[in-house]
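Colleague: One-letter residues, chain by chain:
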Amino acid sequence: MTTRLEAPVRPRQAEAVAVRGVTRRFGPVTALEGFDLEVRDGEVVAIVGPSGCGKSTLLELIAGIQRPDEGELVVTGSAAYMPQRDLLLPWRDAVGNAALALESAGVPRREARRRAAPMFERLGLGQFEQSRPHELSGGMRQRVAFLRTLLAGRPLLLLDEPFGALDAITRSAMQDWLAGALQAEPRTVLLVTHDVTEALLLADRVVVLSPRPGRVLTELCVDLARPRVRRELVGDPAFAEFERRALEALGC
Amino acid sequence: MTTRLEAPVRPRQAEAVAVRGVTRRFGPVTALEGFDLEVRDGEVVAIVGPSGCGKSTLLELIAGIQRPDEGELVVTGSAAYMPQRDLLLPWRDAVGNAALALESAGVPRREARRRAAPMFERLGLGQFEQSRPHELSGGMRQRVAFLRTLLAGRPLLLLDEPFGALDAITRSAMQDWLAGALQAEPRTVLLVTHDVTEALLLADRVVVLSPRPGRVLTELCVDLARPRVRRELVGDPAFAEFERRALEALGC
Amino acid sequence: GERKERTGPNGTERLQLMLDFFPNADHTPIYAAQAGGHFKDLGLDVQVRAPADPAAPLRQAAAGRVDLALSYEPEVIRARDKGVDVVAVGALVQQPLTSIISLPDAGIRTPKDLRGKKVGTAGIDYQSAFLQAILQKAGVDPAGVMERNVGFDLNPALLTKKVDATLGSFWNYEGIDLRLKKRNPQVIRVDKAGVPTYDELVFVASSKTVKEKGDAIRGFLGAIARGVRDLRANPKKGLDALLAANRDLDPRLQSEVLKVTLPLYAPPAGRPFGWQEPTEWSAFGKFMRDSGLIQKGAGGAFTNDLLPGGGL
Amino acid sequence: MLKRYLPTALLLLAAIGAWQAVASLGSVDDLTLASPVETVRALRDDSSLLFDNTLTTLWEVLLGLVIAVALGAGAAVVMHVVRPLRDAAYPLLIASQAVPIVVVAPLLILAFDYGIGPKIAIVALICFFPVTVNLLDGLRGVEPELLKLMRSLGASRLAMLWKVELPWALPNLFSGLRIAATVSVIGAVFGEWAGADNGLGRLVLLGINQLETPRVYAGVVILTVMALALFVLVSLAERAAVPWSRREVRS
Amino acid sequence: MLKRYLPTALLLLAAIGAWQAVASLGSVDDLTLASPVETVRALRDDSSLLFDNTLTTLWEVLLGLVIAVALGAGAAVVMHVVRPLRDAAYPLLIASQAVPIVVVAPLLILAFDYGIGPKIAIVALICFFPVTVNLLDGLRGVEPELLKLMRSLGASRLAMLWKVELPWALPNLFSGLRIAATVSVIGAVFGEWAGADNGLGRLVLLGINQLETPRVYAGVVILTVMALALFVLVSLAERAAVPWSRREVRS
Ligand SMILES: Nc1ncnc2c1ncn2[C@@H]1O[C@H](COP(=O)(O)OP(=O)(O)OP(=O)(O)O)[C@@H](O)[C@H]1O
Ligand SMILES: Nc1ncnc2c1ncn2[C@@H]1O[C@H](COP(=O)(O)OP(=O)(O)OP(=O)(O)O)[C@@H](O)[C@H]1O
Ligand SMILES: [Mg+2]
Ligand SMILES: [Mg+2]
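Protein chains in written order, with this note's numbering: chain P, 457 to 708; chain U, 457 to 708; chain F, 176 to 487; chain W, 768 to 1018; chain Z, 768 to 1018.
No lab work stands behind these hints: they were computed from the structure.
A hint or two may mislead.
[What the hints assert, rightly or not] Here are the simulated distance ranges between beta carbons:
| no. | chain 1 | residue 1 | chain 2 | residue 2 | range |
| --- | --- | --- | --- | --- | --- |
| 1 | U | PRO642 | Z | ALA781 | 53 to 61 Å |
| 2 | W | ARG850 | Z | ALA785 | 17 to 25 Å |
| 3 | P | GLY609 | Z | TRP826 | 50 to 58 Å |
| 4 | Z | ALA785 | U | GLY477 | 48 to 56 Å |
None of these values were measured; they are calculated from a predicted model.
For glycine and all other residues, C-beta sits at the position ideal for the given N, C-alpha and C.
Kindly produce the complete structure, drawing on both the sequences and the hints.
Modeller: Here you go:
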């Protein structure tokens, strides 16, 4: 991908992603139309919007898997994409699948597995390192796919509903874990989610999309202090206000 | 499946599902152990529990797709199973996939499609009747799979996270729609979900499972009035209490 | 097919011979010569190999990829006519072996009996010409006889009764074989039924090879002659050599075949072994031309210059 | 479009060029190898002869193929549904492939007499095996989750087969068809060697015996084109029948 | 275990029974069709002869197969990666299947001289096509989403091939191997007809030529067993190499 030369919109920080007037059509269907979005380096942006409004398409465009029909896309640095479907390889065990990204980056197989294995305990997948995908539960598969994406070690993460198949508790554990990881080593994150609470927990900015064709309806700059602990936030009126506005924008 | 002759536990209503001391092992992993559950005819039971605790396994056991290693399973009437993965047939368009259940029940293809088509509008899938699965968004695929299950027209519905991939608004629309449908023609429903609110909105009873091996931790009899409208419930203290107890049981 | 080294062990000259078919009793003299050490005595090292298909020997010889090949007089004449540069350098079998063979039920004793019958051939043009000639001589209307191409499996066609008779099998091989198998076949030799006589099996070489290796070829034919002589004295020895080299041959059949074939190696009285009778060759050439099988004659199709001299 | 076929054309030209070179090199005698020029001349001179024989062979090939596909697909489906039958019948199928044709020919003659019968039989014999193996393997490879789903929907065995397993295995079936279509031609040639009054196989064989090498090569060229055409036909059929496959990647 | 092979045994017995019946029916000349009893007798009497020839043929088959698989797989992969090459080379591959062996044989002999060379070449020629077609189709059938994912992970073309496409296509490859293994035997037989000093093919042909029908059938039985053994071997290899396939359904 190219890097742009003009002065960045926000002088403070370099820009990681810039989507300008992008349109993506599939035959009669227009997924995205004249879509604009800019993501600063190290920023965590959550994207919420009605089903079929073009969220996954947006991520695939930024990941460079799809090409826009119109508009300009500027992405600085390489991205790791976590697709909505886990897409685990049936012939590899869990660790092997998690290590796929590393291997693709040229790390030898054994070394890659060695690096991937320790994460399993932390994600509550202990004892399932050697299980094949069809032996895993839905949520386990999703966590393996998430791990695969993180291990790619890219500066830009594109996560399409990373925790959609997880129960409340496992999910919040994962959220806290991710938040911690991002605190430790900041990365630019684009997070597609259906869970407004999740968005507010993790994101610096929440972008609410309109129904197809997807356009940006509202942007909420979530200036809540970090680390954000669910327990505390639930009571926090500021949080409640954010939640109300987000849901309102969505039309709930 | 057999029907049991002894007096039912709850004399008021006939029993649709009875799971008694069922254990299901996968090699070293014990998914369910000495599991007991009884579901009355026409009852809507939500099942929540940590990822990997055996929810999908339970549904597959009741659907008759898997066999228990120990224990007794009694299911009255036939069940329609909605798996966690949508499992749409890539060579059929959306309507064709939705009609699959009807066709399997012996309805001629054209007739089956004729019956399935009108539902698309209502589920917000208008104009996508002829789209192939890979042309659908994640949420759309899930709705098609849901439709396929409903159209099977079985007295017992086994739904494994039917709305997991849907955004807040589409999801609540679907929930209301389902609630309405069940009001119109009552069916027995076993609903696996990660969304406690969803469970409380739809279910007569919420069963909270322990981490693997899955056992019943708590049962909440949700005696809230129907129809339950999200807006009203949010404020309702009784509802809040249920929510607190459920999350507490889950360990949040 | 790179050029092989021209010399064999201890300075002997190497000759490569391609048979007309898989080894069988007709080839016994060659094996007898090997066994008698006659090739070595004459400073030759002869390699024998089987062909890829019936047409291969001529082609390989013409191409000089083998020095000598066993072929059939009609094939040689036709090859010459096509401008293929091969020459018959000596006859191994001095008579036609091709024959009409039928089973008793068909009741075909003479060519006349062919009237209204089905005759299976291998679809080889000159054998069809044989049939026509035979019918003509017997005064049978060709229209009343159905010729049918049954490929190379003449016997199966006969035994499955899909044809009443076959034209193309050798009376000294398939004929004997069927007799041994108690099918008491009726055999009509083509040369007894109106086809001019010819030499069934002849050694051929390209004229280039003839020029370059004339002496070696002469030596070869001489050795074969001695082989035949040995066979007359003691058929067993040569036969054993053949069977030893080809374990999958049926000893009983081969010895029977050899018995009836042995006389056929002999040249006419007062002629050297391998003699090819010019009058016969031209007569047969004429027959082929008249039957429209060739345009020119059989001129230069053979040479007797390389014969070792001396009869048997 | 043109660009798509350019490489083919180029390589073809290259191949023909090489062929011509080797042929006119002289190291190979022209009884063994006819040059493209001679071959083309033969194609022109014997055109009518070649044409008639081509029709015969083509007819044998098509009939044989149709039978092979019908039998092969049928066998695969039956063996897939009735497992013990599969265990039992497979060895026989394999046997059918291992028996040399000269051994089968007389038996076929017994069964069909001469004429077109044995040729079709041999074509079918050669062709049905790839179809069976590929389809069977395809049917066995169906995503098990899908079968579970169908079972839970109470689908009959037939419905399962018809609505899930066969569509799933269709691409494999077409792989088999591709192979069958290609080898069917050679099957017809062998068939004709077991005795025939016309057909390209016979023509080629006679050509070899009568040292008419150019005609032989003309025949071979036609046979090759025939095989190619059949292959392309199958591929087109596949594109029509398996529209869902690889839709994305193209976009 | 025993139960699994019972049907096979039964059907085999039935087949042999039928064979015996037809043979002893008398309507068929026993020079056309040898009975099982005669065949077994031949197997016993000619055992040493058969054994030696079997070794020769087996050797040809194995070498040919190995070469065919190597070439076939290689060709498929290369053609898959270099699309224009595929468009260009496919016609030639098909041609290679359509050329009658009697035409190829002399050329092969040109190339390899006599000896084992041409036989192996013919085996390879017959075997590599199923391997290529199946593997190629398998490679083309990979779930596009997976390729997208790999691309987004920045996998090299090689990594993509090695980690996703080849594993995915492995079952197809094995379908091809199954076919190749089975027809390889007949390939060796043809090869030996192009001139050989020993081998089962020659044995059978000479047997036919000498009306030694029982020996012919003995040879055929061995050839069949050989094909069967190879087929089973491939299937076992598949079970070892593709453990993930159909895991569920069995459970
Ligand atoms: N490959 C494709 N071919 C045709 N149409 C497509 C394709 N991919 C996406 N679409 C269409 O584009 C629109 C947006 O799809 P997308 O997957 O981006 O939605 P989404 O926002 O991710 O929805 P969800 O939240 O349900 O995943 C949908 O209407 C879908 O039908
Ligand atoms: N076919 C199988 N083979 C081996 N293990 C299996 C299989 N199916 C399920 N399991 C194991 O059984 C346990 C329960 O699986 P199940 O899918 O029922 O969990 P779940 O409650 O549905 O989890 P989730 O909420 O993540 O879907 C898991 O540990 C899983 O690894
Ligand atoms: Mg999406
Ligand atoms: Mg589950």
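Colleague: A separate judgement is required for each hint: does it hold in the structure or not?
Modeller: To see whether the hints hold, each was checked on the structure:
no.	hint	result
1	PRO642/U with ALA781/Z: 53 to 61 Å	57 Å, holds
2	ARG850/W with ALA785/Z: 17 to 25 Å	23 Å, holds
3	GLY609/P with TRP826/Z: 50 to 58 Å	52 Å, holds
4	ALA785/Z with GLY477/U: 48 to 56 Å	55 Å, holds
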